[in-house]
Structures are given as C-alpha cells and as structure tokens.
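**Student:** Sequence:
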Amino acid sequence: MVKKALGVAIAALLSGAALAEPEGVAPTAAIPAPEDATYAGILTLSVDASDVARHIFTVKETIPVAAPGPLTLLFPKWLPGDHAPTGPIAQMAGLIITADGKRLEWQRDPVEMTAFHVKIPDGVPAITVEMQRLAMSDDKFGGTVMTSNIAAVKWNSLSLYPAGYVASRISIKPSVTLPHGWSFVSGLDGAKQSGDTIVFAATSYETLIDSPLYAGRFARQIDLDPGAKIPVHLTAFADHEEDLEARPEQIEAHRGLVREAYKLFGSQHYDHYDFMLALNERMSDLGIEHHRSSENGYNPRYFAEWDGLFFDHDLLAHEFTHSWNGKFRRPADLWTADYNQPMRDSLLWVYEGQTQYWGEILAARAGLYSKPQFLEKLAVLAASMDWQAGRLWRSLQDTTNGEILDLRGAHTYSNWLRGLDYYTEGALIWLDADTLIRDKSKGTRSLDDFAQAFFGIKDGQITPETYRFDDVVAALNAVQPYDWAAFLRSRLDGHGPGAPLDGITRGGYRLVYSDQPNSALLAQDNDAKTTNLFFSLGLVITHDGMVNEVAWNSPAFKAGIAPGAQVIAVNSYPLDGTDLIKSAVVAAEKAGAAPIELLIKADDRYRMVQVDYHGGLRYPRLEPLGESGLIDRIIAPKD
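Residue 399 in this note's numbering is what sits at position 399 of the sequence shown, and the numbering runs on without skipping anything.
Among these hints, one or two may not hold up.
Claimed, not checked - Listed below are the simulated SDA-like cross-link pairs for lysine to any residue, each with C-alpha atoms no more than 25 Å apart in a straight line:
id, residue 1, residue 2
1, LYS458, ASN477
2, LYS173, GLN341
3, LYS229, ARG259
4, LYS229, ASP271
5, LYS102, PRO68
6, LYS263, GLN373
7, LYS440, ALA474
8, LYS458, HIS272
9, LYS601, ASP576
10, LYS229, SER267
11, LYS60, TRP182
12, LYS529, GLY308
13, LYS440, ASP483
14, LYS263, LYS458
15, LYS458, THR203
16, LYS529, GLU281
17, LYS371, SER384
18, LYS601, HIS411
19, LYS638, PRO231
20, LYS119, THR28
21, LYS173, PHE200
22, LYS263, ASP639
23, LYS582, SER514
24, LYS601, ALA528
25, LYS582, LEU599
26, LYS371, GLN524
27, LYS442, ILE635
Said to hold, decoys possible - Simulated restraints on C-beta separations:
id, residue 1, residue 2, range
28, PRO226, GLU35, 41 to 49 Å
29, PRO248, ASP604, 49 to 57 Å
30, GLY626, HIS240, 44 to 52 Å
31, GLY496, HIS411, 16 to 24 Å
32, PRO248, GLY308, 18 to 26 Å
33, ALA636, SER148, 42 to 50 Å
34, VAL512, ASP82, 33 to 41 Å
Just so you know, the hints here were simulated from the structure itself, not pulled from any lab data. Just so it is clear, CB atoms sit at the ideal spot from N, CA and C, and this is done for glycine as well.
All chains should be modelled from the sequences, with the hints used to inform the complete structure.
**Tutor:** Dropping the structure here:
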C-alpha cells in the first residue's frame, strides 16, 4: 500500500510542472544589420596621442543623429588583415556619452560586448563620445602601439561607429595631436597641420580604418619610385637616429621591390602607397596590410645588420603584395559590410599563402635576399613544414581557422597543434603550382601569368573584387589547363606523409640535411636570441637555456622535456650559452657514446633527463639536382 502510493506520487512529479524547463532571460534587442544607405552627417574624431609617457590615447568623437530613440554604437571587432575578432575592446576605458552637455547613460550589450546601446533624447542633433585607449608599452594582448619614441594610431581602437550602415557609407573627419616635433605618415589624404595637430580631409569610415597613422621622434622617408605619378615611400621610425642610416644598395633593393611588383601584377590599386616601418624591439613582430599602406615592424638593426638579420626580409614584399592579393582581390567570405560581422577564413591559403609565396619571390627578385639566402630560407620553410607532426590529425585547410582559434599566440607543441601553416605550406603549394605550370607549358607560362590575370585586373580600382574557390580554379585553368581543383583539394585536405615538396624537386633542388649551419636559421636565431636544434634534438632554446619549443615525438620529447623548461647543465657542466649543448650533440654522435644528460628545471623542480640521440647536428639545406633549375629562373629579376 505504501509502495503504491509512493509510485503514484513520483509519477505525478515527473508529469507535472515541477520538472518544467527553467525560465531563461529574454533575448536582447537585435543590433541593426548594416544597410547600404548613407549615414546622415559627418562624424568628427579627435585623437590626442601625445601622452606617450603614460601610454594613453585620449579620444573625443562627435556623432550626428537624425532622430530621437535607440542608437547602437559599435567598437570595431573583426579587423581586416587580422582575420579574427581582435579589436582590443578590453583596452577601452572612460567611455562617457553626452548630448548638449548632459550625460547619456549607455548600456553594453550583454552578448555582443563591443556594442553599446544609448537612447537619444528629443531635439538632439549630435552626441559626443569621450574615451581612452590604455596602451602599455609592452602589450602582449592588443599589440604594442605606443612607446616613448614611436606611436601607431590605429583608428579602429580609437573610435565607435553607428550600427546599421555599411562602413563605406559613413563619413568621418579625423584629426590627431602628436608629441611636439614628431614626424608622421598615413594613408589618409588632405593633411593640414597646425602646431602639433594634424587634421585630415573627410573620408569614409572604411578608408579611415584602413589608413593607420605612424609617428615618431626620429624618422626618415625614402622615395621608392622617384618621379612616379603614383608615389611610393618608405618611412622608417626608430628609437635612435643611427638605426635609420641605410646604404645605397639597401635603398636600391627596396626600390627594386616596387619595380618587380609592377612587372608582376601590371597594375596599381592605390593613388599613393606608404610603407610604415617601426624599428623597435617591442613593435618588431608586426606586419599588417592596408590598401594604400602597410604596417611593418622589424629589429632596430634592420639596416645596420642587414645580412645577419635577413630571415624576414620578405616582410615589406609580403605586405606590398597584399595591396593586390587581399585588399583588392579578396575572398568573398572575408569581405564584410562593417567591422562587427564575422569573417570566415576558408581561402587564407590564397590570401596569405600566395602572398607568402610572392613575398619571398619578390624579395629575391628585388635583391632584398641574395640567391643563397633565398635558398637557405626556402630550405628552412620546407623542413619546418615537413616536420609538422600535426599533419597526421589536422589538414592544412583546417589551419585557416587558426586566427579565430587564436593560434597566432604562443602555444606549446606547435608542430603537433599546427599553427598558421597556410602561410608557409600555402607558399609551398603555390611553388608546386608555379613549377607545374612552367613544366607543362614548356616554359611559356607561369604563375606570374595567373598573378597578372587574377590580381592585376582593373588598374586603378580600389573597391574590392571578391572571389571564391571556383574562381581560383578557373583562373589557373585559363593559364594552364589541368585538374586544378583536385590538385588543390588533395593538398589542402590531405595528411601527407610530409609537406608538399614537389615544387622544390621539380624546381631543381632536393631537401637534405647536413651538420653545416643554415644561414637563415642563424639569422632567425640572431633576431630571436635563440638556438635552433629542432631538426636534431627537437629543441629550440634561448641563450639562457629556456626551452621555447619541443618537436612532437623528437628525442627531447621522448626524454620528457616540455616547453617552458630550463636547461641548467649539460653532461654535468653548467650551461653558459648554447655552444655547450651543440658540442654535446656532436660528441654523442661518436660510436658508443652515452646519451646526452641534461639537468633541467621544470615546474619548480630539478631533474636529470637523458636524451638518447646520436644523429649529430642537422640543418636543412637545398641540394641542386643539376646546373640550373626552375627555381633559379623563378627568382631571377623579370626583364
């Protein structure tokens, strides 16, 4: 009787309101989608960038409003060139909105944190927005944009814009105040300076975001196309004037870059172009493309130690190429109407991969690399992709999601995780395609023909032309008939084994390893202050023994060494620089030698590990297969 009553009670509970779904919060008000309509009035934006001592940008913006009621203001979130939601919203502070001197309360959208809702009262023609960007001098999150001698004014982090409009249909008149005596450069037009304040002509919000301003205490501008109708300049900023001294042959190599790019693409999609170069340690890991300019950061000794730091001499060539590939011709899923619509990165192996390819080739053709330097770097790029253990589980196509997954940041076991491989492995795929076209056409056609036909169209047009996968395939077939869809998909979706190295062998070389140092690796180590033993022990370590990287399944990995550990001693001798560990690798190669013994510190504990490796020092290089191959012809300057 009791059991029966209990069962009835349980059944009632299970069927009644007691187990109904919990009540949730109602959806928030929708943020207006961008419409192709002109925003009424012209916004004004004033940025004070003079507080370099405290690293603070101060902003005052006036936004005209047409009618009372709700208004949503957006902070740019999805940034072209970053391919990801990297807008540094967390660095925005002090947001106050007023109308006729009276404060208007704003409310941050609880879902879209870069949206701010405000109610406009009756009779208000405009609102005023005031805020600051707090920019630390060594910023690991938003990127360093202000030091005591250099400032990068990135308008996207210093403004809000009204939701509901295509960015190109919003007009804005910007100005900036700089520290006294500083020089500046920007892709913006109509600059008029009064004292330390520069006012620019009204432009579209799209053009503003695409036209950052660089300023500095010490600057040098170099004309890279003297006498040209469309000017191209390199403006370098440095902490010390001596770092701006460039030899004539260095200037000529940069001018050669402009000439070779014009020969390749046969068009220009800008009315002027400015390379902005920051020679500063904190800003050195930088390369961002814009239509009429590019942001570039390099080691301060860029000119002074030209050959010793050549590894990234493709930087300016890469960003210049983006004016054609990425800014003008743009993947359809990377074009958005404003800066708060999600981007999709499926074609970054074209956008970045082919740009990486042309960056390397143009650097060689221009003389930014010597031929031996180019071949040494190509060997490093090929070997690093060939050693990507993560290919076993992750396709190259999936790495195009890396920006959104935040794989540009530091991660452990990067060659198992895979990072932004669509850059480097993408370049190898395009080398494969270039040599294949040259081979099948018996030297009458090449990827240069694709570049001019695909990226060089509509000379002078700035408005982007979008493309899809099928457009790339069709353009390749127009140059050289082949099953390009299968060619690309097999490389993008496959899992190896190994990297796509057919372009290297078809190009007249093969990847080998020797105990002789690779000059490109040495240049990279000089810049990063590391020693690369990746292809032997499986380690990249700093000069004080910190382990930056461990190759998956390498001897170091199998010995139990993880990134972040510190090598304290080698074979019972204290580590003093990295020559000792290299000597130990050489000694362990002898017959009957014992494993290499390392004392490491990890997780606040000391322990001894034995690395059972006897293969000696191994560095990649390219060995020629004949007198001269296709790669030699590819990197030769164009007639």
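**Student:** Evaluate each hint against the coordinates.
**Tutor:** Right, here's what the structure says about each hint:
1. A C-alpha spacing of about 20 Å is found between LYS458 and ASN477, which places the hinted pair at or below 25 Å, so the restraint holds.
2. With a CA separation close to 24 Å, the supplied pair LYS173 and GLN341 stays within the 25 Å bound.
3. The suggested pairing of LYS229 with ARG259 holds, with an alpha-carbon distance near 14 Å, which does not exceed 25 Å.
4. Taking the CA atoms of LYS229 and ASP271, the gap is about 9 Å. The hint holds against a cut of 25 Å.
5. Of the pairs offered as hints, the one joining LYS102 and PRO68 holds, with about 15 Å between alpha carbons and a cut-off of 25 Å not exceeded.
6. A threshold of 25 Å between alpha carbons decides the hint, and for LYS263 with GLN373 the separation of about 23 Å falls inside it, so the pair holds.
7. With a C-alpha separation of about 17 Å, the suggested pair LYS440 and ALA474 falls inside the 25 Å cut-off, and the hint holds.
8. For the given pair, LYS458 sits about 17 Å from HIS272 by alpha-carbon distance, which is consistent with the 25 Å threshold.
9. A C-alpha spacing of about 15 Å is found between LYS601 and ASP576, which places the hinted pair at or below 25 Å, so the restraint holds.
10. Straight-line distance between C-alpha atoms of LYS229 and SER267 comes to about 13 Å, which keeps the hinted pair within the 25 Å bound.
11. Taking the CA atoms of LYS60 and TRP182, the gap is near 21 Å; set against the 25 Å cutoff, the hint holds.
12. A hinted pair counts as satisfied when its Cα atoms are at most 25 Å apart, and LYS529 with GLY308 qualifies at roughly 12 Å.
13. With a C-alpha separation of about 13 Å, the suggested pair LYS440 and ASP483 falls inside the 25 Å cut-off, and the hint holds.
14. Between the alpha carbons of LYS263 and LYS458 the distance comes to roughly 15 Å, so the proposed pair stays at or under 25 Å and holds.
15. For a cut-off of 25 Å, the pair hint linking LYS458 to THR203 stands: about 23 Å separates their Cα positions.
16. For the proposed pair LYS529 and GLU281, the alpha carbon gap of about 12 Å is at most 25 Å, so the pair holds.
17. Pair hint LYS371 plus SER384 holds up; C-alpha atoms about 20 Å apart against a cutoff of 25 Å.
18. Our distance criterion of 25 Å between C-alpha atoms is met by LYS601 and HIS411, whose separation comes to about 19 Å.
19. Note on LYS638 and PRO231: the hinted pairing holds, with a Cα-Cα distance of about 22 Å set against a maximum of 25 Å.
20. A threshold of 25 Å between alpha carbons decides the hint, and for LYS119 with THR28 the separation of about 15 Å falls inside it, so the pair holds.
21. For the hint linking LYS173 to PHE200, the alpha-carbon distance of about 6 Å falls within 25 Å, and the restraint holds.
22. For the given pair, LYS263 sits about 8 Å from ASP639 by alpha-carbon distance, which is consistent with the 25 Å threshold.
23. A hinted pair counts as satisfied when its Cα atoms are at most 25 Å apart, and LYS582 with SER514 qualifies at roughly 14 Å.
24. Restraint check for LYS601 and ALA528: the C-alpha separation of about 22 Å stays at or below 25 Å, so the hint holds.
25. Restraint check for LYS582 and LEU599: the C-alpha separation of about 15 Å stays at or below 25 Å, so the hint holds.
26. With a C-alpha separation of about 17 Å, the suggested pair LYS371 and GLN524 falls inside the 25 Å cut-off, and the hint holds.
27. Our distance criterion of 25 Å between C-alpha atoms is met by LYS442 and ILE635, whose separation comes to about 18 Å.
28. Checking the proposed 41 to 49 Å range against PRO226 and GLU35 shows it holds: the Cβ atoms sit about 45 Å from each other.
29. For the hinted restraint 49 to 57 Å between PRO248 and ASP604, the CB-CB distance of approximately 54 Å keeps it satisfied.
30. A beta carbon spacing of about 47 Å between GLY626 and HIS240 agrees with the range 44 to 52 Å that was offered as a hint.
31. The hint said 16 to 24 Å for the Cβ distance between GLY496 and HIS411, and at roughly 21 Å that hint holds.
32. For the pair PRO248 and GLY308, the beta carbons lie near 19 Å from each other, so the given range of 18 to 26 Å is met.
33. Distance hint check for ALA636 and SER148: the Cβ-Cβ separation is about 44 Å, which falls inside the suggested range of 42 to 50 Å.
34. One distance hint, 33 to 41 Å for the beta-carbon pair VAL512 and ASP82, holds here, with the actual separation near 37 Å.
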